[in-house]
Amino acid sequence: MDSEEEEVQKAANVIREKKKLIVQAHRARKMMKNRPIMPRTAITKSINEMEKKLGELGLDTSEIRARSQTRKRKRSESVGDEIVRESSRVRSASESRDRSVSGMRDVKQKNESEKQKKLAQRKPNRFAKVGESDRKITSKKPKHLYSSKSTIGKKDWR
Numbered sequence: 115m116d117s118e119e120e121e122v123q124k125a126a127n128v129i130r131e132k133k134k135l136i137v138q139a140h141r142a143r144k145m146m147k148n149r150p151i152m153p154r155t156a157i158t159k160s161i162n163e164m165e166k167k168l169g170e171l172g173l174d175t176s177e178i179r180a181r182s183q184t185r186k187r188k189r190s191e192s193v194g195d196e197i198v199r200e201s202s203r204v205r206s207a208s209e210s211r212d213r214s215v216s217g218m219r220d221v222k223q224k225n226e227s228e229k230q231k232k233l234a235q236r237k238p239n240r241f242a243k244v245g246e247s248d249r250k251i252t253s254k255k256p257k258h259l260y261s262s263k264s265t266i267g268k269k270d271w272r
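Residue 115 is where the sequence shown starts when you use our numbering, and the numbers rise one by one after that.
For the record, the hints were derived by calculation from the structure and aren't laboratory data.
Keep in mind that a hint or two might mislead.
Claimed, not checked - Pair ranges (Cβ atoms, derived): (1) 169 to 131: 43 to 51 Å; (2) 264 to 142: 58 to 66 Å; (3) 175 to 141: 52 to 60 Å; (4) 219 to 260: 51 to 59 Å; (5) 148 to 208: 53 to 61 Å; (6) 142 to 189: 48 to 56 Å; (7) 129 to 151: 44 to 52 Å; (8) 215 to 235: 15 to 23 Å; (9) 187 to 151: 35 to 43 Å; (10) 260 to 141: 57 to 65 Å; (11) 187 to 219: 34 to 42 Å.
Beta carbons: idealized from backbone N, C-alpha and C, even for Gly.
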């Protein structure tokens with residue numbers, strides 16, 4: 115029995131070790147999913163170093179150098195201030211129109227619109243309202259009706 119138990123124990127230990135290795139490998143893969151394989155500090159090398167190494171291996175490095183160089187427009191000679199001043203013109207301000215007449219064809223139409231406006235303001239004047247802004251809608255949920263607890267079956271009339 116002892117030898118059998120020892121064999122079982124050894125087999126169990128081997129299985130445990132194998133399982134540990136599998137878990138470790140999985141964790142390592144999982145951890146590296148969204149991380150760079152090498153740390154950034156180790157990756158950063160100058161282009162000169164890279165050119166030197168690749169040159170020793172006998173590879174062409176001109177394309178790599180061209181890719182790393184910035185492509186931008188070279189600075190051209192700036193135009194003198196006097197020349198710029200001469201070419202710029204003052205914008206003429208267009209004559210502003212009276213807004214009260216802007217949508218009207220003639221004086222007759224303007225008078226008609228004034229008449230319509232006065233007729234529209236009669237009702238608010240009758241109720242002594244301040245103007246168009248004084249259209250306060252009183253509470254549609256009066257507090258004395260909505261403040262208490264509502265139990266089942268009481269919402270249909272309150």
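Can you name, in rising order, the numbers of the hints this structure does not satisfy?
3, 7, 11
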